[in-house]
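Undergrad: Chains A and B, in that order, give the protein sequences.
Numbered as in our numbering, the first sequence ends at 114 without a single skipped number.
Numbered as in our numbering, the second sequence ends at 214 without a single skipped number.
Watch out, some of these pointers could steer you wrong.
Lysine to any residue pairs mimicking SDA-like chemistry, simulated, CA-CA at most 25 angstroms apart [to be verified]: (1) B:94 to A:15; (2) B:99 to A:21; (3) B:60 to A:50; (4) A:16 to B:99; (5) B:93 to A:69; (6) A:16 to B:90; (7) B:213 to A:45; (8) A:16 to B:190; (9) B:180 to A:67; (10) B:178 to A:66; (11) B:213 to A:46; (12) B:93 to A:22; (13) B:124 to B:93; (14) B:60 to A:66; (15) A:16 to B:91.
Covered stretches of chain A, as calculated for chain B (at least 3 residues, CB under 8 angstroms) [stated by the list, open to error]: (16) 18-28; (17) 46-57.
It should be emphasised that the hints constitute simulated quantities derived from the structure, not laboratory data.
Positions of the beta carbon are idealized from the N, C-alpha and C atoms, including for glycine.
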Amino acid sequence: MSAHADSAEHFAGSTKLFASIWMWLLLLTGFEVFLGYIHLPVVYMLVILMGASIVKAALIVAYFMHLRFERLNLVLTIVPALVICICLLLVFFPDSLRSRELRYSGPPAPAAEK
Amino acid sequence: MATEAQALAGDWGGGVHPYRVGHRKLGMWLFIMSDSLTFSALLIGYAYVRASNVWPTPFKFYPSIVFSSVMTLVLLSSSLTMVMAVSASAHGKKSSAQKWIIATALLGATFIILHSIEWNHLIKEGLRPFQLPEEWVGRWPGSTPLFGATFFGITGMHMFHVFTGCIYLFVVAARAKKLKHEDIEISGLYWHFVDLVWMFVFPMIYLLSIDPKK
Chain A
1 MSAHADSAEH FAGSTKLFAS IWMWLLLLTG FEVFLGYIHL PVVYMLVILM GASIVKAALI
61 VAYFMHLRFE RLNLVLTIVP ALVICICLLL VFFPDSLRSR ELRYSGPPAP AAEK
Chain B
1 MATEAQALAG DWGGGVHPYR VGHRKLGMWL FIMSDSLTFS ALLIGYAYVR ASNVWPTPFK
61 FYPSIVFSSV MTLVLLSSSL TMVMAVSASA HGKKSSAQKW IIATALLGAT FIILHSIEWN
121 HLIKEGLRPF QLPEEWVGRW PGSTPLFGAT FFGITGMHMF HVFTGCIYLF VVAARAKKLK
181 HEDIEISGLY WHFVDLVWMF VFPMIYLLSI DPKK
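Given only the sequences and the hints, what does the whole structure look like? Please build it.
TA: Right, dumping it as structure tokens:
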């Protein structure tokens, strides 16, 4: 079986590293929940939460999924795909705001008629 | 620099797996990429509908947000136990890896139970896929009934992934002694992906719909 022949797999990553990544994930999550607790306006929440989520995703992919220690070409294959997912979201957001303005918001107020 | 060049030369010399990972692991990575596009499609659809409509924001801090934060903690802890399992397996300690994998699967099952309680609570309030509870219609007039569809659709899809992940992990734990280290790594990849999706679902669905009424 050649499966193990080319995997000079030194398992890079100690318990301490993983526990510290876990702590960072908890801290980021706690920070997000705290922002919700203080009722930050939705627009700020959206930007900060998306940013924090991307950071958390990057930490999980890099350390827990071990991608940081893999060959560069695998990293370059996977990361752009994930980046494109985020960009897709950003592409559609302006259109949703446009769509909101098009929405029928009910009959006009009868105040004009006297 | 020299070793990188040597490694590259070695790669092109033939007899090496692409990306230097086994085909099973590469297959799992490709599956993860395709599944993240699936979840992206769901989340982007949700974001679009959300931004272009009057949207209820019904999640009170106590109990909804606290509850879902506990769920997030459970899932993050399960990711940690999974990493410990892969680490134990890398050092050849198969029975230790087995125990860590079972711990991961049990935490996943806890997540599902907690999430089902949350669903039950919302369904009792009157939330359906295409129907809002009376109280919400009163509080947010003109709001779209799609809240239920997006909530149940996205969290249901995620819960399905957690559920199949738990089954996958129980099978891997049962066969841990016979499996190679790579297979345990691969199950770890799937589980971390499930956690990753929750990192996006939790803020976008729960934290952006917190009830402003204190």
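Undergrad: Evaluate each hint against the coordinates.
TA: Here's how the hints hold up against the structure:
Our distance criterion of 25 angstroms between C-alpha atoms is met by residue 94 of chain B and residue 15 of chain A, whose separation comes to about 17 angstroms. With a CA separation close to 22 angstroms, the supplied pair residue 99 of chain B and residue 21 of chain A stays within the 25 angstroms bound. The suggested pairing of residue 60 of chain B with residue 50 of chain A holds, with an alpha-carbon distance near 21 angstroms, which does not exceed 25 angstroms. Annotation: proposed proximity of residue 16 of chain A to residue 99 of chain B holds, straight-line Cα distance about 19 angstroms (limit 25 angstroms).
With a C-alpha separation of about 21 angstroms, the suggested pair residue 93 of chain B and residue 69 of chain A falls inside the 25 angstroms cut-off, and the hint holds. Annotation: proposed proximity of residue 16 of chain A to residue 90 of chain B holds, straight-line Cα distance about 16 angstroms (limit 25 angstroms). Restraint check for residue 213 of chain B and residue 45 of chain A: the C-alpha separation of about 17 angstroms stays at or below 25 angstroms, so the hint holds. For the hint linking residue 16 of chain A to residue 190 of chain B, the alpha-carbon distance of about 23 angstroms falls within 25 angstroms, and the restraint holds.
This hinted pair checks out: residue 180 of chain B and residue 67 of chain A have alpha carbons roughly 19 angstroms apart, not beyond 25 angstroms. In summary, the hint linking residue 178 of chain B to residue 66 of chain A is supported, as the alpha carbons are separated by about 23 angstroms, within the 25 angstroms threshold. With a C-alpha separation of about 19 angstroms, the suggested pair residue 213 of chain B and residue 46 of chain A falls inside the 25 angstroms cut-off, and the hint holds. Distance hint between residue 93 of chain B and residue 22 of chain A is fulfilled; the C-alpha atoms sit about 22 angstroms from each other, no more than 25 angstroms.
Using a Cα cut-off of 25 angstroms, the hinted pair residue 124 of chain B and residue 93 of chain B is violated, with the two alpha carbons roughly 47 angstroms apart. Annotation: proposed proximity of residue 60 of chain B to residue 66 of chain A is violated, straight-line Cα distance about 37 angstroms (limit 25 angstroms). Among the hinted pairs, residue 16 of chain A with residue 91 of chain B is consistent with the structure: their alpha-carbon atoms are about 16 angstroms apart, no more than 25 angstroms. Coverage of the region 18-28 of chain A by chain B holds [criterion: at least 3 residues with CB-CB distance below 8 angstroms; count 5].
With 7 residues having a beta carbon nearer than 8 angstroms to a beta carbon of chain B, the region 46-57 of chain A meets the requirement of three or more and the stated coverage holds.
The structure is inconsistent with the numbered hints 13 and 14, although it conforms to all the rest.
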